[in-house]
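Chains as they are written, first to last, in the UniProt record's numbering: chain X, 1 to 73; chain H, 1 to 73; chain F, 1 to 73; chain A, 1 to 73; chain S, 1 to 73; chain Z, 1 to 73.
Bear in mind the hints are in silico, worked out from the structure with no lab data behind them.
Predicted model only: the values in this text are computed from it and were never measured.
Hints are supplied without guarantee of correctness; some may be wrong.
Identical chains share a label here; the pair holds if one copy fits it or two copies do between them.
[Claimed, not checked] BS3-like cross-link-like pairs, simulated, lysine-lysine; straight-line CA separation at most 27 Å:
id, residue 1, residue 2
1, K53, K14
2, K6, K20
3, K20, K5
Protein chains: 6
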Amino acid sequence: MFPNKKIQSLIGHKIRVEMKGDKNILEGILTSADDYLNLYLTSTTEIVDGERKRVLGSVILRGNNIVMINPVN
Amino acid sequence: MFPNKKIQSLIGHKIRVEMKGDKNILEGILTSADDYLNLYLTSTTEIVDGERKRVLGSVILRGNNIVMINPVN
Amino acid sequence: MFPNKKIQSLIGHKIRVEMKGDKNILEGILTSADDYLNLYLTSTTEIVDGERKRVLGSVILRGNNIVMINPVN
Amino acid sequence: MFPNKKIQSLIGHKIRVEMKGDKNILEGILTSADDYLNLYLTSTTEIVDGERKRVLGSVILRGNNIVMINPVN
Amino acid sequence: MFPNKKIQSLIGHKIRVEMKGDKNILEGILTSADDYLNLYLTSTTEIVDGERKRVLGSVILRGNNIVMINPVN
Amino acid sequence: MFPNKKIQSLIGHKIRVEMKGDKNILEGILTSADDYLNLYLTSTTEIVDGERKRVLGSVILRGNNIVMINPVN
Chain X
1 MFPNKKIQSL IGHKIRVEMK GDKNILEGIL TSADDYLNLY LTSTTEIVDG
51 ERKRVLGSVI LRGNNIVMIN PVN
Chain H
1 MFPNKKIQSL IGHKIRVEMK GDKNILEGIL TSADDYLNLY LTSTTEIVDG
51 ERKRVLGSVI LRGNNIVMIN PVN
Chain F
1 MFPNKKIQSL IGHKIRVEMK GDKNILEGIL TSADDYLNLY LTSTTEIVDG
51 ERKRVLGSVI LRGNNIVMIN PVN
Chain A
1 MFPNKKIQSL IGHKIRVEMK GDKNILEGIL TSADDYLNLY LTSTTEIVDG
51 ERKRVLGSVI LRGNNIVMIN PVN
Chain S
1 MFPNKKIQSL IGHKIRVEMK GDKNILEGIL TSADDYLNLY LTSTTEIVDG
51 ERKRVLGSVI LRGNNIVMIN PVN
Chain Z
1 MFPNKKIQSL IGHKIRVEMK GDKNILEGIL TSADDYLNLY LTSTTEIVDG
51 ERKRVLGSVI LRGNNIVMIN PVN
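Start from the sequences and build out the full structure, keeping to the hints where you can.
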């Protein structure tokens with residue numbers, strides 16, 4: 001399964017996304033994704049030092065600033 | 001709704017944009033957006049430590065340096 | 001007006017450009033711009049802590065390293 | 001062998017990937033890769049100071065944030 | 001003159017290039033440039049704190065990591 | 001000679017590559033390169049403070065994270 005297909009398979013599921021910059025980690029429901037890995041998440045929260053810090057709700061993430069995507073079980 | 005369509009749906013609304021770099025956070029009215037997520041905002045202010053710091057007026061943001069986009073309610 | 005059209009409308013005018021990296025801020029006359037937002041500025045000066053620091057004259061800026069563009073009134 | 005073909009030849013093998021940012025180093029089984037070097041790894045662990053730190057399981061890595069890829073023998 | 005044409009007009013001339021990262025500044029003769037602003041310089045020296053530090057000879061610079069290009073008179 | 005042709009002319013030769021991030025410098029034999037400047041090096045070593053630090057063997061480097069490429073004589 002190619003990386004972009006793997007992402008598509010995660011739609012509707014909770015994922016963890018590590019962004020570039022000051023160690024931004026986000027968790028949310030993956031609602032859509034395009035081929036650039038731009039992501040639209042809902043019910044998103046920001047994770048700092050392993051704890052939920054800010055409730056962000058719905059966010060759009062720019063693909064090129066995503067470092068790593070994990071499914072959350 | 002794909003990420004770029006979600007962005008289009010926010011035109012005319014206030015959004016919060018987190019840019020790469022020294023934790024630049026901007027709030028403004030989304031006036032236009034292209035497929036690279038380059039954004040044109042008006043009535044923009046810079047947010048530092050949760051407070052409005054600089055009034056920037058109209059700005060153009062380069063899509064690849066955008067980390068995250070939020071609607072502001 | 002799309003972001004790249006907005007940029008075109010600023011040709012001949014003074015703009016302020018924030019670049020990635022150590023808070024590089026430049027002011028100059030926008031002379032040309034392409035679709036990648038690569039910019040050619042003339043009469044450019046570097047701004048540090050709100051003061052004019054270095055006169056740079058004519059410069060070419062790589063679009064992907066531009067964070068934000070502002071018209072200067 | 002072109003870089004992307006070399007990557008394809010590593011599918012099914014353990015690789016070490018150095019990501020941009022706070023010296024993220026990951027080791028995992030390369031499961032798929034596309035032409036942008038987006039990678040899908042399984043059985044992934046994070047390496048900090050030469051020691052295995054976090055078990056991440058399956059991850060997707062954005063190609064443009066990959067600095068270096070090594071086969072692990 | 002578009003930014004890439006301006007670059008072409010500098011071939012054979014000495015330019016100063018500011019790269020991303022730890023304030024890398026290079027001076028050299030621009031020998032060729034492509035549309036991505038990848039540059040091939042000869043007789044290149046590295047500038048640190050306004051002084052010539054390392055003689056690098058011929059170098060290839062990746063366009064997306066170039067912040068700013070200046071002609072040197 | 002265009003930058004990408006210059007790179008092709010270095011195949012089979014030892015090059016020094018400066019990567020983005022914590023001043024990663026690598027030396028190795030350039031084995032292949034594509035138009036994005038993705039590189040495949042063999043007999044690679046990492047250089048820190050001018051000294052050889054780690055033997056890395058064969059590595060793939062992502063073009064957009066390359067700052068500068070030098071031939072090594």
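Against the structure, the hints come out as follows:
1. K53 to K14: both (17 Å within a copy, 23 Å between copies)
2. K6 to K20: Classified as both; 21 Å inside a copy, 22 Å across copies.
3. K20 to K5: both (23 Å within a copy, 24 Å between copies)
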